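**Q** Note that the protein sequences, when read in sequence, are chains A and B. Just so you know, my numbering puts 16 at position 16 of the first sequence, and the rest follows in order with no gaps. Just so you know, my numbering puts 314 at position 314 of the second sequence, and the rest follows in order with no gaps.
It is worth saying that the hints were derived from the structure and are not from the lab. Since we're looking at a predicted model, the values are computed, not measured. Watch out, some of these pointers could steer you wrong.
Chain copies aren't distinguished; within one or between two, either way the pair holds.
[To be verified] Dumping the calculated BS3-like pairs for lysine-lysine here, alpha-carbon to alpha-carbon at most 27 Å:
1. Lys340 <-> Lys22
2. Lys176 <-> Lys366
3. Lys206 <-> Lys178
4. Lys261 <-> Lys399
5. Lys389 <-> Lys27
6. Lys248 <-> Lys353
7. Lys261 <-> Lys358
8. Lys248 <-> Lys378
9. Lys340 <-> Lys213
10. Lys255 <-> Lys358
11. Lys73 <-> Lys61
12. Lys409 <-> Lys381
13. Lys255 <-> Lys353
14. Lys417 <-> Lys255
15. Lys378 <-> Lys406
Number of protein chains: 2
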Amino acid sequence: MIDPIVLKGFRDSLPSEEIPKKNIERKLESVFETFGFVPIDTPVLEYESVLLGKGGGETDKQIFHFEDNGGRKVAMRFDLTVPFARFLALHHSELPLPFKRYHIAKAWRGENPQKGRYREFIQCDFDIVGVDSAEADFEILSLMYASFNTLGITNLTFHVASRAIFNEFLEKLNVKDKSIEILRAVDKLRKIGDAEVRNILLDITKDEETADKIISYITSSEGLNFIETVEKIESLIGGESENVLRMKTIYSYLKENGIDKYFVYDPSITRGLDYYTGIVYETFLNDAEQIGSVCSGGRYNNLASLYTKEILPGVGASIGLDRLLAALNELNSPLAKDNKGANVVIFYSEEEKDKAVKTAFGLRTKGLATDMYLLPNKKAKAQYEYAEKLSIPYSLQFKDDGYLVKNLKTRETNMIKDIDGVIEICR
Amino acid sequence: MIDPIVLKGFRDSLPSEEIPKKNIERKLESVFETFGFVPIDTPVLEYESVLLGKGGGETDKQIFHFEDNGGRKVAMRFDLTVPFARFLALHHSELPLPFKRYHIAKAWRGENPQKGRYREFIQCDFDIVGVDSAEADFEILSLMYASFNTLGITNLTFHVASRAIFNEFLEKLNVKDKSIEILRAVDKLRKIGDAEVRNILLDITKDEETADKIISYITSSEGLNFIETVEKIESLIGGESENVLRMKTIYSYLKENGIDKYFVYDPSITRGLDYYTGIVYETFLNDAEQIGSVCSGGRYNNLASLYTKEILPGVGASIGLDRLLAALNELNSPLAKDNKGANVVIFYSEEEKDKAVKTAFGLRTKGLATDMYLLPNKKAKAQYEYAEKLSIPYSLQFKDDGYLVKNLKTRETNMIKDIDGVIEICR
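Whenever a hint applies, use it, and build me the whole structure from the sequences.
**A** Written out as structure tokens, the structure is:
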């Protein structure tokens, strides 16, 4: 006998989890399509050199990689961004440009599993490639808003900043050459607090005044709204710049379309990764901030440069579906619990098999989600347990020449003459 | 620069392929749910021993397998059936039984790529576990019919047979001990013809009469309809049996529900794999038979026995989505070509940016799939090429105080006063 276990850090998804997950994916896909975004897919396996962006050297330990039977060094994708960059380099001449794509799919990382972190996880990415403008940036922000709105999540805050403006600030402080280390330090503000971040900044810059100025910059939104913060930042970098102007335009779009109240300008948002070149953002649920950002991204103007000379500026965001689902569970969202199977289940006896098959066929042909409980000899208790496990709201039994339909929650019963009557009740 | 290539046998899916694929998946999921089937998911990676059903020995060369960073022998799933058996062994006590699940997901095999065969492919499986009855068998057959019907495919034939009845026949011929080899030989009939199969059977049985009898059995449907064939088979095995009775009941369900004309009893269908124990079936498109079966399966009464002592009889089928999509393409089905993006695309100038953003926001809020062509300085030619690549049917431009809506196929234009008017035309 083989032990039927799954690997550490991996999970099965039972219907009680898979149904809500699918519902969420469908709602998101429908919003993406309303915004004119189209789906793509890429292989789960790629050349290791393509995914890691280098020919050899020490392989990232977190990646699942191996040699295939043909001796090729291959790896499983660890996000959807790198394969997308490779995809763009290969196909940009066939694609409509600007190209708006979404991609909902799994990725894998061998990191040590912790609460809410798995080695197999679902990413949901949406990007616009081929244009660098405030309108494109706003398309992504408004799509982020619409995505959560469609899931019934409106008690949330989008934290926006600009990597480009921050770089201008670092240039003014003469520490531009240390920007990557500084960005990584600033990225930790939410986790370790400003005193600790100041210590790291001091280590990096060896200058108290510079460290203080950076701390003052990244905490400059305190007590201020979006546009006030942008104006304060503007004065800190020494006056208007193209990047500040871009941010003001984006803000005007947020305001004109009535969604500005969901957005704050938060100069501490930098997104640790170094490929961002413009706007960056993270998203926090007001009632579950501790879960971390549920949707993050930004503008990157050189993403595909590893694979092509073509300049393909892009802006996009990524929703971590597993984390979002965990958050919805924590918030007791009905969305996380909607695991309804069929609308009605037919209970029948041995003698009623023909009738049951025919009734199921008829109801389904008319579009009613209908289950048959396929064990005709079972007691009522087993029948009801079955219906409850599948959250089926109605049962149907045969009585005289009609149908006895029972609401399994209220226990209310109705005698119905024909199939259309059954559909009317159970729909 | 890194070459942006994909691995041999793998493919990117561009929107022109991914949109129809998603449409097909959604239609299938909707049918599955109408039949009361619920979704599950399992990990892409499993212990090699779990997937290959043995602790060690020579690994199947077609499987992608490797040692992970923790020294575990792991493999990528090569179908959805084996993981489902493992899933059942692990979770059967939490599941509603009988359990009806569907699973649409990728699987991987390292076989040599040929036309229409890839190393990464999508399977679409649906099964009922926990019951062994004609009603359960019919649920799967009628779901197969409904699946293709919902895709607009009605010019097809389901070829049904019974592995159990065939085994009775082999017992009668005293060659039951060679049944696996015989089944494999019979499975080749469609490919190599009856003369060639007879030679192989002769090799196996060393007896001309036995070989002839088997050939006569597997070709016994010639000129006969479903029930006539079953009756002929019945006489060949020497009278009624439970298995024949089961098949007659299934046929009566097909007939009573008016779908018998899509089914033939074809005694040559055996499904080479040895885990089937009852009904088996394959599905051929009448206009594209050469493509092979697009949906196959059958009853297996010991599937999870490698992992558990629990007896879990099952019946199910599997649609090969890549093969189906290839067939739909070959048949010029509109389903394979439906790669429509948004309903309308907004073309605007630099000066109209504000208006464009606001109009897009308004149309999307009301549910109309709306794209903005984000390069406001481009010529009309570039605009139309963009819309054409995305099969967007309408364009919108600003004129005076209203909207100029153009049908991009007929070139017909309309001046519209308000957003609701735009929605009415473009919906």
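**Q** Classify it for me, Lys255 with Lys358: is the Cα-Cα distance of at most 27 Å met within a copy, between copies, both or neither?
**A** Answer is between; shortest inter-copy Cα gap is 11 Å, intra-copy 57 Å.
**Q** Checking Lys378 and Lys406: alpha-carbon separation at most 27 Å within a copy, between copies, both or neither?
**A** within (18 Å within a copy, 62 Å between copies)
**Q** At most 27 Å between CA atoms: does that hold for Lys206 and Lys178 within a copy, between copies, both, or neither?
**A** within (11 Å within a copy, 82 Å between copies)
**Q** From the Cα coordinates, with 27 Å as the cut-off, is the pair Lys340 and Lys213 best called within, between, both, or neither?
**A** Answer is neither: 55 Å inside a copy and 52 Å across each miss the 27 Å cutoff.
**Q** Regarding Lys248 and Lys378, is the shortest C-alpha distance of 27 Å or less found within a copy, between copies, in both, or in neither?
**A** Answer is between; shortest inter-copy Cα gap is 25 Å, intra-copy 68 Å.
**Q** 27 Å Cα cut-off: does Lys340 pair with Lys22 within a copy, between copies, both or neither?
**A** For Lys340 and Lys22, the Cα distance is within 27 Å both inside one copy (12 Å) and across copies (22 Å).
**Q** How would you classify Lys261 and Lys358 at a CA-CA limit of 27 Å: within, between, both, or neither?
**A** between (55 Å within a copy, 17 Å between copies)
**Q** Is it within, between, both, or neither for Lys409 and Lys381, if the alpha carbons may be no more than 27 Å apart?
**A** Result: close within a single copy only, 15 Å intra versus 60 Å inter.
**Q** Go through the copies and call it for Lys176 and Lys366: within, between, both or neither, with a Cα cutoff of 27 Å.
**A** neither (66 Å within a copy, 46 Å between copies)
**Q** Tell me, please, which holds for Lys261 and Lys399 at an alpha-carbon limit of 27 Å: within, between, both or neither?
**A** Intra 58 Å, inter 32 Å, cutoff 27 Å: neither.
**Q** Are the CA atoms of Lys417 and Lys255 at most 27 Å apart within a copy, between copies, both, or neither?
**A** between (56 Å within a copy, 24 Å between copies)
**Q** Using 27 Å as the alpha-carbon threshold, which applies to Lys389 and Lys27: within, between, both, or neither?
**A** both (24 Å within a copy, 25 Å between copies)
When each numbered hint is compared with the structure, violations occur for hints 2, 4, 9.
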